[in-house]
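Participant: Here are the chains, one letter per residue:
6 protein chains.
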Amino acid sequence: MPFIQIEMLEGRTVEQKRELVRRITEAVVDVVKCSPEAVKIIIRDMKPENYGEAGVLRADKK
Amino acid sequence: MPFIQIEMLEGRTVEQKRELVRRITEAVVDVVKCSPEAVKIIIRDMKPENYGEAGVLRADKK
Amino acid sequence: MPFIQIEMLEGRTVEQKRELVRRITEAVVDVVKCSPEAVKIIIRDMKPENYGEAGVLRADKK
Amino acid sequence: MPFIQIEMLEGRTVEQKRELVRRITEAVVDVVKCSPEAVKIIIRDMKPENYGEAGVLRADKK
Amino acid sequence: MPFIQIEMLEGRTVEQKRELVRRITEAVVDVVKCSPEAVKIIIRDMKPENYGEAGVLRADKK
Amino acid sequence: MPFIQIEMLEGRTVEQKRELVRRITEAVVDVVKCSPEAVKIIIRDMKPENYGEAGVLRADKK
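Residue numbers (UniProt numbering), protein chains in the order written: chain D, 1 to 62; chain Y, 1 to 62; chain R, 1 to 62; chain V, 1 to 62; chain S, 1 to 62; chain Z, 1 to 62.
FYI, nobody ran anything at the bench for these hints, they're computed from the structure.
Treat the hints with care, since some could be wrong.
One copy or two, it doesn't matter: identical chains are merged, so the pair holds either way.
Unchecked claim - Mimicking SDA-like on lysine to any residue, the simulated pairs with C-alpha atoms at most 20 Å apart in a straight line are: (1) Lys61 x Glu15; (2) Lys47 x Glu10; (3) Lys33 x Arg44; (4) Lys47 x Arg12; (5) Lys33 x Arg22; (6) Lys62 x Ser35; (7) Lys47 x Gln16; (8) Lys61 x Gln16; (9) Lys62 x Leu9; (10) Lys61 x Glu49; (11) Lys61 x Met46; (12) Lys47 x Thr13.
This is chain D alone, in the form it adopts within the complex (with noise of 0.2 Å):
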């Protein structure tokens, strides 16, 4: 506690989710003031078929 969900388009590398993870973990631990360990983050990476806006499919924005 906190658990931080976060979805968000693939193709991030291993690299940002580390700097991602770190930051927010970081920014949680100097607002809420809670210990870097309670600070739990889960990504999901979501294909461009499977997130729509504005009625229309990622995929299929040029």
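We have chain D already, so just place chains Y, R, V, S and Z on it with the hints.
Facilitator: Same frame as chain D, now just chains Y, R, V, S and Z:
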């Protein structure tokens, strides 16, 4: 906003996902009176081994 | 199956939720060819202080 | 209803998932007094690069 | 890890939630061979007006 | 896109939520190279009776 997350068994076509996003966005815009751009939809495909109903995996159902 | 989770700002009426569930179920049944009974929909109402966009809380937007 | 979503690291066998669904459904039915058919369980397998704890990716832990 | 999210209709007692957490943790530890401390469970109570099945709000069912 | 869902125990102030949204958006924009407008954050406040760890409700911890 609104965000919609859809869990369904894998196997649906991109065409079905395209139509699902179109139809659900249309319904939300009509009822909630928001703009189409505000409606974000995430689809997650599930393997039959990852879905259980009445204590039984879908992968085990005849 | 399919399960649908809808996050939206608080303040919508029960009548809007009733119509949203009806319309989304209809769309899913038409497109995914499942039974209406298979479609489960969860709605979560959000306070403006619990939603952030572009780094700003909705509660802080004029 | 009730719906249960389980996030866990990838690598568990179908047999473990089968047993997990059986045992959790049994627990929910006993405690909440609902029918087994009402209990729906979704399992999501996570890659170690998609899970962070204490600011560190699981993929980076020795 | 594992994380478990439970959506269920409001109205269950704290005693039922206590027992549910105990029983589910026990099941997960037995099957997945993780420590009890690794198992995190979130329960979300739902209003009948926020749950739809077969196109109908639970609040509207007799 | 990206969407971020944060589950944390109730009791944090609006000021903490404001700062959390600001800091997390900043981190995501820096690392994932998306626009601030693309980053959506949902916060869910949890009652201690709705959170279990190691088989015990947080509401029962001394």
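Participant: Against each hint, give a clear statement of whether it holds in the structure.
Facilitator: Now for the hints, and whether the structure bears them out:
With identical chains, the CA atoms of Lys61 and Glu15 are at most 20 Å apart between copies only, with a shortest distance of 14 Å across copies and 27 Å within one. With identical chains, the CA atoms of Lys47 and Glu10 are at most 20 Å apart both within one copy (6 Å) and between copies (13 Å). Taking CA atoms no more than 20 Å apart as the test, Lys33 paired with Arg44 passes between copies only; the shortest distance there is 17 Å, against 26 Å inside one copy. Both within a single protomer and between protomers do Lys47 and Arg12 lie at most 20 Å apart by alpha-carbon distance, with minima of 12 Å and 14 Å respectively.
For the homomeric pair Lys33 and Arg22, the shortest alpha-carbon distances inside one copy (16 Å) and between copies (16 Å) are both at most 20 Å. Taking the shortest alpha-carbon separations for Lys62 and Ser35, only the inter-copy value of 18 Å comes in at or below 20 Å, while the best intra-copy value is 44 Å. When the C-alpha separation of Lys47 and Gln16 is checked against a cutoff of 20 Å, the pair qualifies both within a copy, at 17 Å, and between copies, at 15 Å. Proximity of Lys61 to Gln16 under the C-alpha cut-off of 20 Å is restricted to the inter-copy arrangement: shortest distance 17 Å between copies versus 24 Å within a copy.
Taking the closest pair of Cα atoms, Lys62 and Leu9 come within 20 Å of each other only inside a single copy of the chain (16 Å); across copies the shortest separation is 28 Å, beyond that limit. With identical chains, the CA atoms of Lys61 and Glu49 are at most 20 Å apart within one copy only, with a shortest distance of 10 Å there and 28 Å across copies. For a Cα distance limit of 20 Å, the shortest separation of Lys61 from Met46 inside one copy, 15 Å, qualifies, whereas the shortest one across copies, 25 Å, does not. Taking CA atoms no more than 20 Å apart as the test, Lys47 paired with Thr13 passes in both settings, with 15 Å inside one copy and 13 Å between copies.
The structure is consistent with each of the numbered hints, conforming to all of them.
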